[in-house]
Structure formats: C-alpha cells, structure tokens
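Colleague: Sequence:
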Amino acid sequence: MDELLKAIWHAFTALDVDKSGKVSKSQLKVLSHNLCTVMKIPHDPAALEEHFRDDDEGPVSNQGYMPYLNRFILDKVQDNFDRIDFNRMCWTLCARKNLNRNHLLISDDDAFKIWCIFNFLSEDRYPLVMVSEEIEYFLRKLTEAMGGSWIEEKFEEYKLQLSSKQQCLNVWELIELVGMGHFSKGMDRQTLSMGINEVFQELILDVLKQGYMMKKGHKRKNWTERWFLLNLVFTVTLMCHIYGDFILMDTFPFPLIEGKKCLFYVKCSDKSFEVSASDKKKKQEWIQGIQTCITLLKVGRPAPHHEARQKRRELRQKQQAEQEELELRMRELQTANENKQRELEAMRKKLEEAAANAAEEERRRLQTQSELQDLYRVEMEKEKMVRQQMEEQVAQKSSELEQYLQRVRELENMYHRLEEALEEERQARQDEETVRKLQARLLEEEVSKRAELEQIHLYQQQTISQTQAEKQELERERLAKESALQSAMQQLQQLEADRWGALEQYEEVMKKLADAANNTKSWKDKVAHHEGLIRLIQPGPKYPQKITNWGPAAFTETELSLREKDWQEKKNRPPTPQ
Numbered sequence: 001m002d003e004l005l006k007a008i009w010h011a012f013t014a015l016d017v018d019k020s021g022k023v024s025k026s027q028l029k030v031l032s033h034n035l036c037t038v039m040k041i042p043h044d045p046a047a048l049e050e051h052f053r054d055d056d057e058g059p060v061s062n063q064g065y066m067p068y069l070n071r072f073i074l075d076k077v078q079d080n081f082d083r084i085d086f087n088r089m090c091w092t093l094c095a096r097k098n099l100n101r102n103h104l105l106i107s108d109d110d111a112f113k114i115w116c117i118f119n120f121l122s123e124d125r126y127p128l129v130m131v132s133e134e135i136e137y138f139l140r141k142l143t144e145a146m147g148g149s150w151i152e153e154k155f156e157e158y159k160l161q162l163s164s165k166q167q168c169l170n171v172w173e174l175i176e177l178v179g180m181g182h183f184s185k186g187m188d189r190q191t192l193s194m195g196i197n198e199v200f201q202e203l204i205l206d207v208l209k210q211g212y213m214m215k216k217g218h219k220r221k222n223w224t225e226r227w228f229l230l231n232l233v234f235t236v237t238l239m240c241h242i243y244g245d246f247i248l249m250d251t252f253p254f255p256l257i258e259g260k261k262c263l264f265y266v267k268c269s270d271k272s273f274e275v276s277a278s279d280k281k282k283k284q285e286w287i288q289g290i291q292t293c294i295t296l297l298k299v300g301r302p303a304p305h306h307e308a309r310q311k312r313r314e315l316r317q318k319q320q321a322e323q324e325e326l327e328l329r330m331r332e333l334q335t336a337n338e339n340k341q342r343e344l345e346a347m348r349k350k351l352e353e354a355a356a357n358a359a360e361e362e363r364r365r366l367q368t369q370s371e372l373q374d375l376y377r378v379e380m381e382k383e384k385m386v387r388q389q390m391e392e393q394v395a396q397k398s399s400e401l402e403q404y405l406q407r408v409r410e411l412e413n414m415y416h417r418l419e420e421a422l423e424e425e426r427q428a429r430q431d432e433e434t435v436r437k438l439q440a441r442l443l444e445e446e447v448s449k450r451a452e453l454e455q456i457h458l459y460q461q462q463t464i465s466q467t468q469a470e471k472q473e474l475e476r477e478r479l480a481k482e483s484a485l486q487s488a489m490q491q492l493q494q495l496e497a498d499r500w501g502a503l504e505q506y507e508e509v510m511k512k513l514a515d516a517a518n519n520t521k522s523w524k525d526k527v528a529h530h531e532g533l534i535r536l537i538q539p540g541p542k543y544p545q546k547i548t549n550w551g552p553a554a555f556t557e558t559e560l561s562l563r564e565k566d567w568q569e570k571k572n573r574p575p576t577p578q
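1 is the number of the first residue of the sequence shown in the UniProt record's numbering; add one for each residue after it.
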C-alpha cells in the first residue's frame with residue numbers, strides 16, 4: 001500500500017503545475033478514473049463531486065484528496081491488477097513534466113525502472129526522498145549487477161557533495177545520477193541497462209535468482225540450455241521465449257553422472273526437472289535460492305530484500321531515535337553542563353570571594369598579629385623601661401633621700417646665711433636712708449642756689465636800663481656779682497660734684513641692696529623649690545619709687561609736694577638788692 005501511495009503522490013504532484021499544493025477537480029477526476037481503470041476498480045464519476053459537495057469550486061490539496069482516495073479507491077483494491085501497468089500510468093503523468101532527457105545514457109524504460117526502485121527504497125514520508133544509506137545500497141546492487149567493483153572512496157566523496165542537512169536525493173536527482181553515468185564509468189549503455197533491469201527484477205519483481213542452465217527434456221531426453229528465473233510469484237519460470245511457470249515443491253542434488261558434474265533435481269507441483277548448472281558454485285547458489293524460496297513460501301514471508309529494507313529502516317529509525325535520544329541527552333547534558341558551569345562559576349566566584357575574604361582575613365590576622373606583636377614588643381619595652389625606671393626611681397629615691405638629708409643640712413646653712421643676708425639688707429637700707437637724706441639736703445641747697453641765681457639774673461636785667469654811671473657801677477657790681485656768681489657757680493659745681501658723689505654712693509648702696517635682694521630671692525627660691533614650706537617677706541616700700549631729674553630718690557608724695565611748693569615760693573620772691 002505504501003508503494004501505491006508513493007506512485008499516486010508522484011502523479012498528484014505532477015498535476016500541481018504552479019506548485020501550490022492543490023490540483024483542480026477536473027484533473028483529479030481524470031487521475032481517479034485512470035487509477036480505477038488500471039487497478040480494475042469500478043469507477044463512480046459522481047463520487048468525487050459527492051465527496052467535495054460542501055467544498056468550494058477551487059482546487060483540492062493532497063490532504064483533501066487523501067480521504068476520497070482511501071475511501072473510494074484504496075479500500076477497494078484487490079491483488080488482481082498489474083502493478084507494473086499501475087506504476088507506468090503514474091510514471092507517464094510525472095515523467096512528462098519532471099524528466100530531463102538531455103545527456104542521459106539510459107532509456108525511458110530504464111528511467112521508469114529507477115523510478116520504481118526509488119519508490120521501493122524511499123522513506124515513508126513526504127516529499128519523497130532516498131537517504132544516503134539506500135542510495136549506497138542501490139548503487140552497490142547496480143555495480144554488482146554490471147559486474148563491476150564497488151569503490152567506497154568514490155561514494156564517500158559523493159556523500160560530501162550532498163547537502164549537509166539533507167543527505168538525500170529525490171527521484172529525478174537519482175535518475176540523473178545514474179543516467180549521467182557517475183558510478184558506471186567504463187560501462188556501455190547495454191551493460192548499464194542490463195544492470196538496472198537486474199536490480200529492478202530483484203527489488204520490484206521479487207526475483208531471487210535468474211540465469212542460464214541446462215535442462216533435460218522429458219520426451220527426447222536431450223539437454224537444452226534454458227533461462228531460469230526464480231521468484232515468489234510463480235516460483236520457477238523457464239524461458240526460451242516463454243516456456244512455462246511452475247510451482248516449486250522441493251530440490252535435491254543428483255548422483256554424479258559422467259559428463260554432468262553439477263546436476264540437481266527440481267520437484268514442482270506437477271513436474272520435475274533435471275537441471276545442470278555451469279559450475280559447482282552456480283549449482284550451490286541455485287539450490288540455496290530454491291530452498292530459500294520454499295522456506296519463505298511455507299512461512300508466508302516476503303522476499304529477503306523486503307525484510308532487509310525493513311531492517312534497514314528499523315535500524316535507521318532506531319539510529320535516528322538513538323540519535324534524537326542522544327541529542328536530547330546531549331542537550332540535557334549540555335543544559336546540565338551549563339547549569340553545572342553556572343554552579344561551578346558561582347562556586348568559583350564564591351570560592352574566589354571566600355579566598356579573597358580568607359586572604360583578607362589572613363591579611364587582617366597577620367596585620368593584627370603583627371600589631372599585637374608590635375604592641376606586645378612595645379609593652380615589653382615599656383615594661384622593661386618601667387622596670388628600669390622603677391629601678392632608677394628606687395635608686396633615685398635612695399639618692400634623693402640622701403640628697404634630701406643633704407638639702408636639709410644645706411637649708412639649715414642657707415637659713416643662717418639668709419639671716420645674715422637679711423641683716424645686710426637692713427644695714428643697706430639704713431645706708432640708703434642716710435644717702436637719701438644727704439641727697440635731699442643737697443637738693444634743697446641746689447634749689448636755693450638756683451633761686452639766688454635767678455634773682456641775680458633778674459636784677460642784672462633791671463640794672464641794664466640804668467645810666468652809664470650806673471652801668472659802670474653796675475658793671476663793677478656786675479663784675480663783683482659775676483665774681484660772686486662764679487664763686488656761687490663753683491660752689492654749685494662743688495655741690496653738683498658732692499651730689500654726684502652722693503649719687504654714686506647711693507648707686508653702690510642700691511647695688512648692694514639689689515645684690516642682697518637677689519641673694520635673698522635666690523635663697524627664697526631655693527627654699528621654696530626644695531621644700532615649699534618657707535616663705536620670706538621682702539623688705540622695702542610697696543608703693544612705686546619716684547625718680548627726679550637728679551636721679552632716683554625715695555621721696556614720698558607729701559615730701560615732694562612740699563619741696564616743690566617751697567621752690568616755687570623762692571622762685572617768685574624778688575631778688576634782694578646788693
């Protein structure tokens with residue numbers, strides 16, 4: 001049934017001129033009529049219209065035609081028609097459109113046989129194609145039938161030229177491949193045609209073996225060469241032109257006869273034959289072929305090449321399923337691998353992060369350890385230094401205790417010296433008071449002399465305006481007064497010298513007083529520094545000292561005001577005439 005559908009598919013495809021996948025109803029009527037005629041099925045012209053009465057007037061697709069084909073044609077098929085005529089009718093429809101006869105080395109009949117072989121070996125899916133395994137099988141058969149040797153490398157090179165995705169051929173590409181002589185170089189057209197016919201008879205007509213052998217006649221008992229053909233339809237066919245068909249029953253070898261070494265006996269349903277092969281090999285091949293045919297008939301099995309084709313298909317399906325399963329497993333493994341890769345990548349990142357964290361923790365630990373070691377070292381050094389300092393302090397305290405006792409003794413000596421210094425300071429203050437009094441007395445005398453000089457000067461100014469005589473008198477008086485003035489000036493200079501002498505004495509006394517004060521302060525500081533218990537009272541006035549233009553003087557404000565008032569009175573007093 002599959003081969004019938006394949007042939008009808010070729011015919012339907014040939015009617016699809018514009019390759020739209022649809023054929024008009026009128027063409028389908030013609031196709032259906034021809035199919036019914038060649039398959040000996042009563043044809044109902046209105047069945048097609050009846051089947052598509054709800055459809056529009058447009059063309060019908062292959063899927064739309066299949067229900068009609070199954071119901072009205074294929075379901076009614078019986079095995080009483082000639083399949084070769086059926087195939088030729090479908091071949092005629094499709095070859096007219098698709099077969100390119102240019103440069104072909106084969107006839108149309110050979111192309112038809114290749115077309116039939118294609119339908120037998122092609123896959124059961126549409127569009128029909130023949131896979132590379134079946135192409136190799138067919139070309140091997142054809143090469144063996146032509147008596148040539150199969151070249152594996154040549155076919156492998158051809159396989160590389162096929163589409164990497166398809167690895168298959170359609171029927172017209174297969175006809176072109178064989179018809180162009182790609183795998184029959186060195187063979188003539190007749191040899192190629194005979195090879196195609198032999199493969200056609202084996203695969204399509206189920207011929208198990210054919211060839212010439214010698215047959216002994218029934219009446220004349222002479223040996224005549226006949227063409228024998230062994231298949232599962234009529235079992236044995238003897239051909240001179242056409243001699244007859246016989247149903248095979250059994251076969252067994254003959255005893256050796258002089259001159260006939262390859263005899264064997266063939267028993268059929270109504271006759272038996274004495275047959276002689278050309279050699280022992282041919283004899284064994286024929287006996288094995290006949291026994292195989294009898295076995296297949298008994299168990300009702302098809303020809304071996306049908307089973308071989310089915311096994312190849314099942315193997316391909318199994319391999320395809322295994323390949324698909326392998327691809328699925330590969331995809332699953334790839335997915336799992338990708339997931340593992342992602343997990344490993346995530347784990348690697350986590351490990352890197354963990355390693356980085358561990359390295360960071362190790363670095364921190366080492367840093368902390370280093371810092372602790374440094375801190376411990378510093379603490380040890382500090383402890384060592386503290387121990388040394390404590391030892392030094394103990395030694396120092398011992399030394400300080402000794403020094404303290406020494407200071408106590410020194411303080412006692414310093415106390416006696418301080419009393420002496422205080423005594424010297426009191427004596428210096430007494431001397432200072434004496435010098436201050438002397439200085440005050442000299443200052444009063446100086447003020448008095450200055451007042452007299454001013455009066456004399458005023459008087460001289462008054463006498464300048466008198467007469468000449470008076471001037472002379474006054475000159476004399478002036479001279480006398482100048483003499484007196486010089487005397488007064490000398491006295492004043494003497495007083496100045498005495499004052500400066502007193503001032504120098506005062507400075508010496510002040511220096512002694514300062515030395516005494518410094519000495520006293522030094523002792524006070526020492527005592528305060530070492531003990532912090534003794535506080536000395538420094539003698540002297542708390543108010544600031546006044547400094548006049550004649551030098552420092554320890555005058556009070558009241559004394560200075562009286563002296564200033566007295567000096568102003570003397571200055572304003574008129575000079576006494578002399």
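Just so you know, these hints were derived from the structure itself, not from any lab.
Mixed in with the good hints there might be a few duds.
[Claimed, not checked] Straight-line distance between alpha carbons at most 16 Å, and here's what the computed EDC-like set of lysine to aspartate or glutamate pairs gives:
#1 K282 / E225
#2 K449 / E325
#3 K437 / E507
#4 K511 / E433
#5 K512 / D566
#6 K97 / E176
#7 K185 / E144
#8 K29 / D16
#9 K215 / E225
#10 K141 / D85
#11 K512 / E424
#12 K565 / D431
#13 K29 / E50
#14 K25 / E3
#15 K384 / E400
#16 K40 / D85
#17 K511 / E445
#18 K283 / E225
#19 K311 / E144
#20 K570 / D374
Colleague: Are the Cα positions of K185 and E144 separated by 16 Å at most?
Modeller: 14 Å, holds
Colleague: Are the Cα atoms of K512 and E424 separated by 16 Å or less?
Modeller: Judged against 16 Å, a Cα distance of about 9 Å means the pair holds.
Colleague: Given the hint that K29 pairs with D16, test it: the Cα-Cα distance must not exceed 16 Å.
Modeller: Satisfied, since the Cα-Cα distance of roughly 14 Å is no more than 16 Å.
Colleague: Regarding the pair K565 and D431, is the alpha-carbon distance no greater than 16 Å?
Modeller: 28 Å, violated
Colleague: Going straight from one Cα to the other, do K449 and E325 come out at no more than 16 Å?
Modeller: 148 Å, violated
Colleague: Regarding the pair K215 and E225, is the alpha-carbon distance no greater than 16 Å?
Modeller: 6 Å, holds
Colleague: Hinted pair, alpha-carbon criterion (16 Å max): K311, E144. Please report holds or violated.
Modeller: 21 Å, violated
Colleague: Given the hint that K384 pairs with E400, test it: the Cα-Cα distance must not exceed 16 Å.
Modeller: 23 Å, violated
Colleague: When you check the alpha-carbon spacing of K97 and E176, does it fall within 16 Å?
Modeller: 15 Å, holds
Colleague: Compare the distance between the alpha carbons of K511 and E445 with 16 Å, and conclude whether the hinted pair is satisfied.
Modeller: With a Cα-Cα distance of about 27 Å, the restraint between K511 and E445 is violated, given a limit of 16 Å.
Colleague: Sort out whether E50 lies within 16 Å of K29, counting only the CA atoms.
Modeller: Cα-Cα ~12 Å, so holds.
Colleague: Just to be careful, I want the Cα atoms of K282 and E225 compared with a cutoff of 16 Å; is the pair within it?
Modeller: 15 Å, holds
Going down the numbered hints, you'll see the structure goes against 2, 5, 10, 12, 14, 15, 17, 19 and 20, while the others check out.
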